[in-house]
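Chains as they are written, first to last, in my numbering: chain A, 1 to 408; chain B, 1001 to 1408.
The reader is advised that the hints may include incorrect statements.
Listed next, with one range per pair, are the computed distances between beta-carbon atoms [claimed, not checked]:
hint	chain 1	residue 1	chain 2	residue 2	range
1	A	Val235	B	Leu1127	36 to 44 Å
2	A	Cys216	B	Ser1123	53 to 61 Å
3	A	Gly292	B	Ser1123	40 to 48 Å
4	A	Asp260	B	Ser1123	19 to 27 Å
5	B	Phe1228	A	Asp89	31 to 39 Å
Below, a sample of chain A positions facing chain B; criterion: calculated Cβ distance under 10 Å [said to hold, decoys possible]:
hint	residue
6	Gly39
7	Leu80
8	Arg81
9	Ala82
10	Pro195
11	Ala210
12	Leu407
If you are wondering where the hints come from, they were derived from the structure by calculation, not from laboratory data.
As the structure is a computational prediction, the values presented were derived from the model and not from experiment.
Even glycine gets a Cβ: it sits at the ideal position worked out from N, Cα and C.
2 protein chains.
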Amino acid sequence: MNETNEPIANASLEELLGVIRASCPALETERIPLSQAIGRVLREDILASEDQPAFDRSAVDGYAINLDDGSHQFRVVDFLRAGDWRPRDLSHGETIRIATGAALPARNLQVMMQEDVQVENGSCSVLRRTAERNIRMRGEDAHGGDRLIAAGTRITPGVAALLASLGQVNPLVSRLPRVIHFATGDEIVSPENMPAPGQIRDSNSTLIHAFFQTHCIGVTQLRLPEDFDRATAVVATHKAEIEAADLLLFSGGASVGQHDYTSRLLAQLGFTLRVGRTNLRPGRPLIVASQGTRIAFGLPGNPLAHFVGLQVLVHSAIAAFSGFTKPLTRYKGRLVAAVDAGAGPRETLWPAHVRLAGDSTEITLLPWQSSGDLTALATTNAIARIPVGTGILAIDSEVEFFLTDTLP
Amino acid sequence: MNETNEPIANASLEELLGVIRASCPALETERIPLSQAIGRVLREDILASEDQPAFDRSAVDGYAINLDDGSHQFRVVDFLRAGDWRPRDLSHGETIRIATGAALPARNLQVMMQEDVQVENGSCSVLRRTAERNIRMRGEDAHGGDRLIAAGTRITPGVAALLASLGQVNPLVSRLPRVIHFATGDEIVSPENMPAPGQIRDSNSTLIHAFFQTHCIGVTQLRLPEDFDRATAVVATHKAEIEAADLLLFSGGASVGQHDYTSRLLAQLGFTLRVGRTNLRPGRPLIVASQGTRIAFGLPGNPLAHFVGLQVLVHSAIAAFSGFTKPLTRYKGRLVAAVDAGAGPRETLWPAHVRLAGDSTEITLLPWQSSGDLTALATTNAIARIPVGTGILAIDSEVEFFLTDTLP
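Isolated chain A, as found in the complex (with noise of 0.2 Å):
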């Protein structure tokens, strides 16, 4: 955050990303049931409250015996199921038909296969002795105590079946962001409707309901009428949803004609602009707001650049808001065609398709003709910067990038 309060006016990538981490604390925490909180951000390390195992389990189907008893023949005494707790010791030439999972009833035993034994009448006889003990042994996995996730990690279905088996059956999560999206202009019809001539469907609502989707978040999205006495009405009718709003978006709203107006609402929402103006390519005209805990953006009405700017800027926006460790990393790759990035005064960010081919990391530069073009988005996966300056790159060229979506 600047401390003159003034606006950044062509803020670059890296000043954006630092006034959205300054405006955009850790949220609160809440606990929720497991079940609920895939996708979520945990915010408490989790340690083991026990060994892991907890207790000596056979890894095999088989007859468990003495280590030290060297006998070919043993006498079948019990049989332990997965889930039974028998204790005892067994004597020379005594042997417990055992079950994968079961718990050992001693210490100091080994269980052998139940394929290279032979049983019969209670008898078991050794068909093949390994030195293989065939044990999970209690601690094998983890000690009590030791740290197993730390906060900040997202639950995948692998952290959520882990805390399942730790009973962490309700993490201590962030709660999700509280978000409104206001999608602005008069050209824009529904994408239900045949827009008339002039008109274009509205294809960047669709875009943030899916985008939070994702995320697992939900999105209240109303439609503001240009007009600015009629939007201030609308807004007015949702006052309580909007002050209670975390983030907020606003779509089309940032094109010169249109940067008052975003402005203009903001300040009357007691919002204090933060950029007015980026470096960016797309995304020139964008704003970001704060007030408080809370931020907003207004993002260029053109789909791409309003797909640049949700996956880079609102994306590390929720990350920071989360908790998450990681929010958005920057992955190197290679290119695969030459491409004449134009030499311009600004930093481009560039949709591209990135793959991995053998072990290398490829990046393909998606063409696309100009900020509104949307057909360039069906095999984006992810967004390369192009820095200020950079006339034509050579095949093979390392690009910077961030992912927008899981490789192909």
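Chain A is fixed; fit chain B onto it per the hints.
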């Protein structure tokens, strides 16, 4: 599918994947609202119904003039906002103020950016004239009839935005598979309970719930007693639901002792055993059965074996059911540390952590003591394939892997 109808006794991963492909055809299609279609797989090619954009649009806020009009002073005769549609020809010396996104009123125009002119009292003086037309031409992104999205594509936020812009608000997608899950094993207790000695918490049911949730698929979860007759009774009370399921999943019913149990239940339900045992580690005792276009898996109860079976085999089945054209991508990475893979007679599916470093792909095999080790799952985002008979793998060795989660 083998022709003798004998189950494969010692199935390799490739054989398993072959059985799955042969057993799981793409499911029926349905049309659903676009807002509910995120993550679903499109089953129709999407063509551009019209040129994209559908009309010449201004790319900037500025002043439209005839391309061949070299005047230095223009008279402002109209103002076109986005959404306006007022075709007209411009005379020499005339200009129209035009907003970003607005339809151009005629052909052969150019838009001067507003910062390149000075306007006073309806008169527009040119400060700087460039060759840029600043117009997004009709058909610039795509022509009517062009294929913009191929059948078999997963609907990401970017794809959803493109569909919305095309008015495709009810896309044709594969219906979701109906899935039923049976947790077996009398030693397991619900994660919220403290296990008695010899018992363990059921983490597999949480894993399965979370896994299907990330695929947007609901799953019915039942607990089956180990006693076969009592299990049969539970199955009978859920007959209709079971018969409607496309995918049946048994946890913990595939160890040697439990193999018969799952096989007998599946036989009772009319399934034919396809694979009774695999050549994989973990996951040697593992059941795949089919009936018509339905498939059933019996996964080992050990959490890590369960995780691997779910992420590789069940994942492949649901991808096949969905008609997704990229079911299980194989990537390659370089080992960051030497490892002794044991030169065993089975292919190992090794939990791993993959990251992109510089432009190369680094893979770390995670330490795991046994197939019951859950702690590795907290950081697993990949499964590495270590071929049969592999002994010591040097640092930098190339290893094939599947991704199970996003990159860090």
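A quick look at each hint next to the structure:
For the pair valine 235 of chain A and leucine 1127 of chain B, the supplied restraint of 36 to 44 Å holds, since their beta-carbon distance comes to about 37 Å. The given range of 53 to 61 Å is respected by cysteine 216 of chain A and serine 1123 of chain B, whose C-beta atoms sit roughly 55 Å from each other. For glycine 292 of chain A paired with serine 1123 of chain B, a C-beta distance near 47 Å keeps the hint of 40 to 48 Å intact. A beta carbon spacing of about 23 Å between aspartate 260 of chain A and serine 1123 of chain B agrees with the range 19 to 27 Å that was offered as a hint.
Range check, phenylalanine 1228 of chain B to aspartate 89 of chain A: Cβ separation about 33 Å, and the 31 to 39 Å hint holds. Evaluation of the glycine 39 of chain A hint against chain B yields a held restraint, the C-beta minimum of about 8 Å falling below 10 Å. Residue-level restraint check for leucine 80 of chain A holds (minimum Cβ-Cβ distance to chain B is 8 Å; threshold 10 Å). Given the 10 Å rule on beta carbons, the hint for arginine 81 of chain A holds: about 7 Å separates it from the nearest Cβ of chain B.
Residue-level restraint check for alanine 82 of chain A holds (minimum Cβ-Cβ distance to chain B is 4 Å; threshold 10 Å). Among the interface hints, the one on proline 195 of chain A holds; its C-beta lies about 7 Å from the nearest C-beta in chain B, closer than the 10 Å criterion. A hinted interface residue such as alanine 210 of chain A counts as satisfied when its beta carbon comes closer than 10 Å to some beta carbon of chain B; here the least separation is about 4 Å, so the hint holds. Because the closest C-beta pair between leucine 407 of chain A and chain B is about 7 Å apart, less than 10 Å, the hint holds.
When the structure is compared with the earlier hints, no violation turns up for any of them.
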